[in-house]
Amino acid sequence: MSARSAADPAPPINQSVERAAAMLAEFTVDDPELTLAQLTSRLGTSRATTHRYAMALRRVGLLRYDRARAVYTLGPRIVELATSALAGLRIIKVAGPYMERLVGDVNETVVLSIWDGEAPVVVRVDDNTDRLVRINVRTGSRLPPETSAQGKIFAAFGGGNGSGGEEGAAIRRAGMSSNAMVVEGICAIAVPVFQGEELVAAMAIVGTTASVQTDPGAAMCRDLRATAAALSTELGFVPNPPTEGSER
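To convert, note that position 21 of the sequence shown is 21 in the numbering used here; the numbers rise steadily by one, no gaps.
No lab work stands behind these hints: they were computed from the structure. Cβ atoms here follow ideal geometry from the backbone N, Cα and C, with glycine treated the same way. Not one of these hints is a red herring.
Pairwise CB distance ranges, derived in the manner of DEER restraints:
1) A226 x G185: 25 to 31 Å
2) N136 x D31: 18 to 24 Å
3) P97 x T28: 30 to 36 Å
4) V17 x G185: 43 to 49 Å
5) R64 x T233: 40 to 46 Å
6) P97 x G158: 23 to 29 Å
7) P145 x A169: 16 to 22 Å
Generate the whole structure from the sequences, applying the supplied hints.
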């Protein structure tokens with residue numbers, strides 16, 4: 001049998017798979033529960049079609065239905081798939097020791113986020129469990145893409161949409177971003193993590209506005225940048241490689 005020609009068209013997207021994925025994507029941290037009417041309106045399908053897809057997703061555990069309240073939520077199978085997906089992200093395992101050491105150095109919560117296409121998503125959190133008062137950040141949380149410190153890192157270093165404009169240019173010069181507006185009284189500073197030449201994550205320190213230092217020259221900021229740089233080096237990032245014939 002001959003090999004498939006490179007000129008052959010790619011196989012069409014299966015409409016059923018596409019619709020099922022679109023339905024699951026409607027459930028977010030802000031909207032964890034949806035009625036059949038809400039799903040029908042958002043998907044632009046008929047009520048019968050929406051119900052058919054919802055029933056199919058319920059049978060395989062991807063959706064759950066609360067009869068008493070007539071709402072759908074993501075099912076238990078989603079948790080299993082999410083756990084498997086996170087396990088496949090090498091950066092989460094590799095970043096562990098670096099984040100744990102940073103927690104020991106700064107005594108604040110350290111968070112690692114990746115970009116899901118629309119916003120930063122928290123994939124790992126390390127903190128000092130011996131502290132009387134701790135900042136609790138949930139793994140899986142989606143952060144505001146425009147106002148969070150991590151979102152600003154992706155805007156500044158991601159290379160798209162003007163790379164964050166003037167603020168993005170300032171962030172690239174400082175090598176970090178800060179924010180104290182997402183939650184009142186809570187402050188975050190964030191830096192980029194690279195794999196090869198690609199921005200793959202943002203590492204952040206999260207604490208109170210009184211405890212987190214936002215001056216790029218402060219010891220906490222230097223520790224955060226050094227930790228992210230060491231992690232990036234292990235992931236294969238080479239900063240500013242010398243060009244042929246350059247002075248050494």
